[in-house]
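Trainee: Mind the numbering: the sequence shown is residues 2 to 211 in the working numbering, read in order.
These are computed hints drawn from the structure, not numbers from a lab.
Because the structure is a prediction, the values reported are computed rather than measured.
One or more hints might be untrue.
As the list claims (entries may be wrong) - Derived lysine-lysine pairs resembling DSS-like cross-links, with alpha carbons at most 27 Å apart: (1) K121 x K143; (2) K41 x K121; (3) K192 x K121; (4) K23 x K41.
As the list claims (entries may be wrong) - Computed spacing ranges between beta-carbons, pair by pair: (5) Q134 x S69: 36 to 46 Å; (6) P81 x G8: 22 to 32 Å; (7) Q140 x P43: 32 to 42 Å; (8) A158 x V30: 35 to 45 Å.
Virtual Cβ for every residue (Gly too), placed ideally from N, Cα, C.
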Amino acid sequence: MKLYDFGPAANSKRVRMFISEKGIEVPVVELNVRDDAQFKEPFNSMNPFHCVPFLELDDGTVIAESISVCRYLEEIHPEPSFFGRTAEERAIIDMWNRRVELDGFMPALHATRNNVPLFKGRVVPGTRTDLEQLPAMVQRGKEMLDIFLSRLDPQLAVNEFVAGSAISIADITCFFVINMANNFEMEIESKYPNIFRWHNEFSARPSTAS
């Protein structure tokens, strides 16, 4: 089994943090996606969506998408659990992770890719296109992200972690959402004190350096 990733990429960091929190070891092969390594063989055939990270199993099966990779690793290394042990826990964690991804991660991602010069011609992950970066997408992404933060803050007022009393995959996803919000210098400390508290505490975990 091998994990193909690229160190600076947020989704690669998500999986590496998950692996660190689980206390498992997975061999890593770094692909320099800035130099388009993912479009070259054999990687082009292995993952035609051209995004990192992706996991190659011993039989050659390839699993892409960060959450899918984490789910597979959880299945073969169930403890400590990050996706829940009971039907209720799994549903609640999945609910919060979807909220974080759809309402937080995606707006932040679009704002970033339409703002940072490095992503010119790369606004859609895993592609090289003529789509222009749109300043309006940056502003709308920040506005949507702010709405998400306003909805998340009450949850963290009464819970230590995003999905309840225990750390889960939703916290790992959310950590990178807040990192991106900080990159845009969004006001979090004064507007969303519970998110600010949670992010500071989570940032102290050794896995965040993975």
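Trainee: Hints broken by the structure, by number, lowest first?
Mentor: 3, 4, 5
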